[in-house]
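Novice: Here the protein sequences come in this chain order: C and E.
Take any residue in the first sequence, count from 1 to its spot, add 21: that is its number in our numbering.
Take any residue in the second sequence, count from 1 to its spot, add 1: that is its number in our numbering.
Simulated from the structure, these hints should not be mistaken for laboratory data.
For each residue, glycine too, the CB sits at the ideal point set by N, CA and C.
Honestly, I wouldn't trust all of these hints.
[Claimed, not checked] Covered stretches of chain E, as calculated for chain C (at least 3 residues, CB under 8 angstroms):
1) 35-44
2) 88-99
3) 108-118
4) 127-140
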Amino acid sequence: MAVYRPSQARQAKSQTAPEEPNLVPIMNLFVTIIPFLMLMIVVGQVALVALNFSSEGGPGGGGDGGGGGGEPAKQIEIHLMLRDKPEAGLFQGMEIREIDGTKHQLPALQDRMYDFRGLNTLLIDLKERHPDTPEIAVIVHPEVVYDTLIRTIDLCKQNGFPTVHYKNPKNVYFY
Amino acid sequence: MSSNNSSRSSNKGRRVIRKKEEDVKGLSITSLLDVLTIILVFLMKNVSMEAVKISELPDMKYPTTMTKDSLMENPYVTPVKLYTDRVLLGLGNLLLGEPQDLIENVEKRSMMQEFFRNEWNSIPEDKWDDACLIVQADSNLPCGFITEIVRVGTNTGYQNIYFATVEEAEWLKSYNPAAGR
Numbered sequence: 022m023a024v025y026r027p028s029q030a031r032q033a034k035s036q037t038a039p040e041e042p043n044l045v046p047i048m049n050l051f052v053t054i055i056p057f058l059m060l061m062i063v064v065g066q067v068a069l070v071a072l073n074f075s076s077e078g079g080p081g082g083g084g085d086g087g088g089g090g091g092e093p094a095k096q097i098e099i100h101l102m103l104r105d106k107p108e109a110g111l112f113q114g115m116e117i118r119e120i121d122g123t124k125h126q127l128p129a130l131q132d133r134m135y136d137f138r139g140l141n142t143l144l145i146d147l148k149e150r151h152p153d154t155p156e157i158a159v160i161v162h163p164e165v166v167y168d169t170l171i172r173t174i175d176l177c178k179q180n181g182f183p184t185v186h187y188k189n190p191k192n193v194y195f196y
Numbered sequence: 002m003s004s005n006n007s008s009r010s011s012n013k014g015r016r017v018i019r020k021k022e023e024d025v026k027g028l029s030i031t032s033l034l035d036v037l038t039i040i041l042v043f044l045m046k047n048v049s050m051e052a053v054k055i056s057e058l059p060d061m062k063y064p065t066t067m068t069k070d071s072l073m074e075n076p077y078v079t080p081v082k083l084y085t086d087r088v089l090l091g092l093g094n095l096l097l098g099e100p101q102d103l104i105e106n107v108e109k110r111s112m113m114q115e116f117f118r119n120e121w122n123s124i125p126e127d128k129w130d131d132a133c134l135i136v137q138a139d140s141n142l143p144c145g146f147i148t149e150i151v152r153v154g155t156n157t158g159y160q161n162i163y164f165a166t167v168e169e170a171e172w173l174k175s176y177n178p179a180a181g182r
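So that you can see chain E by itself, here it is in the shape it has in the complex:
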């Protein structure tokens, strides 16, 4: 401030010519639009509606595989989620009970059969070949529970059964029994 005042006082009487400000141009959104179009196309290519049904569950530990099979086109998916402490059926995550109930509880088992039958009957008859049962199970569960699910599924009529895993191309190389996996 003081320097300004001093300069003004020293230049007293002299006409101050201010630099003419340039007009601010409007932002061109064409380049932004280009970027957005590329992102949009990329996202639309990657997003699969079917992937929502079999998305990775955050509180489940999946087994790892090197290979993967692609899900058939236009499938009628019935997911089953087997956690170590609960079993959830269908897209609505209907709570069936504990995994142990699949083997020990006759009532729960018949409930599961009934559920699978209802799901199966909701599929048009000409689409029965496209019906898929997707088992999402925790890697530490005993296979007896999985076998029970698969048994009921195949008895209902499901011919396509998939197990959800996480792809890891190098699991065999990194498999170390001494380290516990």
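Here chain C stands alone, though its shape is the one from the complex:
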């Protein structure tokens, strides 16, 4: 293309051929950052389960006694028990107490093997009957294994009870 104006011609002369950018510094940066990030990446991601605490004492108090006894529940309660003590209303398994006082017992299938499938079915049924209730309380006896507690909380959350209260059974001492 012909250049007519002298100024344009001068500019054209001053322009040099485009050079390839020097990528070595950026490559150095990348090579440093990538192993660093790969070290930090967590492959087995830990999930988290949040807890809620009731205003009536939290995990330090609350609860309505062990197995059979106690006042009617203010919210749906799941009692997790491990010891067999029929005279105190304790057995190995779960007891679900509804607000109206109805109790459902789910004995352990084997030693320390709880009936989670039965609990799941019961929770589905409870949710159908109480669709507006987001709260449920899990009352766990101290000797029950942590895994059982977490699985129970998990099933509650899975079946539409996102607010799970964690309670400790009330200890009564006799002198």
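Assemble chain E onto chain C, guided by the hints.
Specialist: This is chain E only, laid out in the frame that chain C set:
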């Protein structure tokens, strides 16, 4: 070698024309750079600084859950690690003792209370709502120990308590009491 020699001897006097070698071009690193850029963006999206604090401990057996709750934004995390034989407090993994000490040893319990109080006091007052206690416990531990940790934590002022688990969407289907889990 011998065949070479024989061919040379047979072609004696004939001019050998060697094939002109092509110039070796420099490697283009543009495509490599593209790949690295994609990897970099992917890694930077996935890496979470907070995940480092609650990363999976290799020597701990976690309970499994189908559901998971997300950790609140900008939390002030205080982790507590409960193994079957030891209890570690905080990011510095301060050894408290055995889990049994949480119930039986008054001195250890007051040490834990003191630790939680110090952690709590190190958080700015306007950020107390963002304080989180994360309990990482072995799945075979009795709940009594967990309850003790939670009790001390709530008494200190922690309102957000999380339990660390491993996500397994189908645990209920695969739960087999006859097989032991």
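Novice: Given as covered by chain C, does the segment 88-99 of chain E meet the bar of three residues or more with CB within less than 8 angstroms?
Specialist: The restraint on the segment 88-99 of chain E is violated, since only 0 of its residues have a Cβ under 8 angstroms from chain C and three are required.
Novice: Do three or more residues of the segment 127-140 of chain E come closer than 8 angstroms to chain C, measuring C-beta to C-beta?
Specialist: With 5 residues in contact (Cβ-Cβ under 8 angstroms with chain C), the coverage given for the segment 127-140 of chain E holds.
Novice: Tell me whether the statement that chain C covers the segment 108-118 of chain E is true, taking a Cβ distance below 8 angstroms and needing three residues at minimum.
Specialist: violated (count 0)
Novice: Can you take a look at whether the segment 35-44 of chain E is actually covered by chain C? Rule is 3+ residues, C-beta closer than 8 angstroms.
Specialist: With 5 residues close enough to chain C, the hint holds.
In summary, the numbered hints that this structure violates are 2, 3.
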